[in-house]
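Undergrad: Chains as they are written, first to last, in my numbering: chain A, 1 to 387; chain B, 1 to 387.
Be a bit skeptical, because a hint or two may be false.
Since copy identity is lost for identical chains, a pair holds within one copy or between any two.
Listed below are the simulated DSS-like cross-link pairs for lysine-lysine, each with C-alpha atoms no more than 27 angstroms apart in a straight line [stated by the list, open to error]: (1) K127 to K21; (2) K123 to K293; (3) K326 to K43; (4) K127 to K27; (5) K123 to K16; (6) K32 to K228; (7) K369 to K16; (8) K228 to K306.
Everything labelled a hint here was simulated from the structure, so no lab data went into it.
Computed from a predicted structure; not experimentally measured.
Protein chains: 2
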Amino acid sequence: MQNFDYQTPTRLIFGKGVITKLPEVMKQFGSKILLTYGGGSIKKLGLYDKVRELLDGSEIFELCGIQPNPKYDPSVLEGVRLCKENNIDVILAVGGGSVLDCSKAIAAGALYDGDPWDLITYKTIGKASLPIVDILTLAATGSEYDPGAVISRTETNDKIGYMDSNNYPAVSILDPTYTFTVSKKQTAAGCADAMNHIMEQYFCEDSTLLNDGFMEAALKSLMVNARKCLDNPEDYTARAEMMLDCTYGCNGIYSLGNSYSGWPCHGMEHALSAYYDITHGEGLAIITPRWMKHILSEKTVDRFVKYGTNVFGIDSTLDKFEIADKAIAETYSFFESIGIPMHLKEVGIDESRIGEMAHHVAENEGLDKAWAPLTEQDIAAIFTASL
Amino acid sequence: MQNFDYQTPTRLIFGKGVITKLPEVMKQFGSKILLTYGGGSIKKLGLYDKVRELLDGSEIFELCGIQPNPKYDPSVLEGVRLCKENNIDVILAVGGGSVLDCSKAIAAGALYDGDPWDLITYKTIGKASLPIVDILTLAATGSEYDPGAVISRTETNDKIGYMDSNNYPAVSILDPTYTFTVSKKQTAAGCADAMNHIMEQYFCEDSTLLNDGFMEAALKSLMVNARKCLDNPEDYTARAEMMLDCTYGCNGIYSLGNSYSGWPCHGMEHALSAYYDITHGEGLAIITPRWMKHILSEKTVDRFVKYGTNVFGIDSTLDKFEIADKAIAETYSFFESIGIPMHLKEVGIDESRIGEMAHHVAENEGLDKAWAPLTEQDIAAIFTASL
């Protein structure tokens, strides 16, 4: 078991109707608010009007139009400018992981004198960030309970995931009913994203009985509940269980004391969505079973045996490689069964830039130090197998 | 799934050798420290000298002699007096759950003008507490990661568990090597305490797939690792896994969104250790299987089936009451196998005060509102079956 240093200061306010606590929550941080959101789905939901009504009397500035795979330019830069010019006290992010990630980069940039890109690339470590409150509308990334953000810069094909301990949201307001209108495509992609967060932590050298059981339970819960959400988008319990499963995703609590895995699928997927702006969860679902097949070896097989028997109930008396193969096939089939396009070509990616992307990943993601190390050639082979 | 509002601000610094971070940790809170500890085992461990050496230059006051089932008088009162007279900045609790619980009551009492008993009995809600840093030497209560404390008052036979959100430790320093010298008796009792914390949350009306899996994994981990600790007290991995399993015990994370169970075994055990000052974990282990047997019914049986099949691997094709009976027998056998005396008479409790204790519990613990409600007669019957 590895040493660790862990703290999550975020307050989770979870459940139907909890938005009524918003005024009390916001009051503690100040009255000048930057409200951030995406393409307007929160207006269709009625959530925009509800927020404005609850915060009547506060001074609210707005940054809207934050895109999936949120962009440094214009969103982060524009948000930082708004915060600095208006002496914003607190950011209220209403949306999914992209809105929240963008808001984290803004919150740090607002209290930093230099170029906010310095913080994203660890050129410097931020000393403080504006407080962030979020109202989540998508179960997927776990950004509501972690210090991470992923920001894309179009002109350089960079999609950078980074951590900043100042970036934990102060309060996350999690009402599963706000996810009732999430499309089947985004529900499935959110499930795949959250499952991959867990797998990235599960497939490592050194884990504990507790962590393994916790993660196996989360994977099973995500599969059961995502299916229920797809069958009946307004199944409250299923939406709620899925939301909480996702919330723990990148917080670290699934794997305290585990050795580091390297998060290889995220490293590879970030190139796909940086170069082609695809849906992150779909990219992960496509890559994951191909990565599994590629790294299966005498060294890794026991981990796949545990995964296969405990998550999919595969007969433990079979040969270990047979169990592993079945586990990988079950992973693929599950993603396919919830409607995810399982080939890169289906999401508009062909072989033309595989070499370039593999090179970018090998240069930037440190996957040579992953649990199952990957060279540039390995990465290219996984991309090719995913076509 | 139930609504919840959850936040744990405690920083966990976990692993071998992490005490070297102590000076940096303490510095942020101030230089006037109240060092609290128990009967001197930390001196035998060398931990006392290590702490004094690391904090050389700070102004350290001491409260020693804190007993198991920590006492309001003299320990809490004396600690509060020391804090007030010396303008203490921070409490450093070195020991197990009793030292920590006592320190929590002191930390709150130090910033309260009235009788600290008001805070323990919810006569008033404290507005603030001194910060607490702890160095844990026993895996059991989970006090290192929760806002609760249990304080006993000898003259009234009160043993009161209460929560105060100001009482989360600021930092918990968790080095499993400090538990290498914990006796077999206390190792087993700590395991039973932690297992009961989980069972108190598991046996409820409404749980989630994730929580069930998390708790089942924790129960299995505790059983496996406690056996290893008993066989080889210096098995680092086993001590470490057991320590983390215990740490989550009363934090709420095992059951976010679950309905409230009423914590019936704790309600009953608190009377046993208030009247007879027995070891808390032993009292819990004795009561638990008798409580299970007493509440088993058509209404509760499905929960026992899940527990029995998932924790003990009992054949799920058997009749449901047969599974439940086997699960209860397995629970009893496990506790017995790790050396816990499984009858009240073995820990010095006879039938003479059962009526009085049952009355006290019925009056004070609200068990008529538990998942499986208990009357005074039920409580007396469970005590009698435990003799």
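Undergrad: Run every hint past the structure and note whether it holds.
TA: Against the structure, the hints:
Taking identical chains as interchangeable, the C-alpha atoms of K127 and K21 lie at most 27 angstroms apart only when they sit on different chains, with a minimum of 20 angstroms there against 29 angstroms within one chain. For the identical chains of this complex, K123 and K293 are neighbours neither inside a copy (36 angstroms) nor across copies (62 angstroms), given an alpha-carbon limit of 27 angstroms. With identical chains, the CA atoms of K326 and K43 are never at most 27 angstroms apart, being 45 angstroms at best within one copy and 55 angstroms at best between copies. With identical chains, the CA atoms of K127 and K27 are at most 27 angstroms apart both within one copy (24 angstroms) and between copies (18 angstroms).
In this assembly of identical chains, K123 and K16 lie within 27 angstroms of each other by CA distance neither inside one copy nor across copies; the values are 41 angstroms within and 31 angstroms between. Taking the shortest alpha-carbon separations for K32 and K228, neither the intra-copy value of 40 angstroms nor the inter-copy value of 56 angstroms comes in at or below 27 angstroms. For the homomeric pair K369 and K16, the shortest alpha-carbon distance between copies (24 angstroms) is at most 27 angstroms, but the shortest distance inside one copy (43 angstroms) is not. In the homo-oligomer, the alpha carbons of K228 and K306 lie at most 27 angstroms apart both inside one protomer (26 angstroms) and across protomers (21 angstroms), since each shortest distance falls under that limit.
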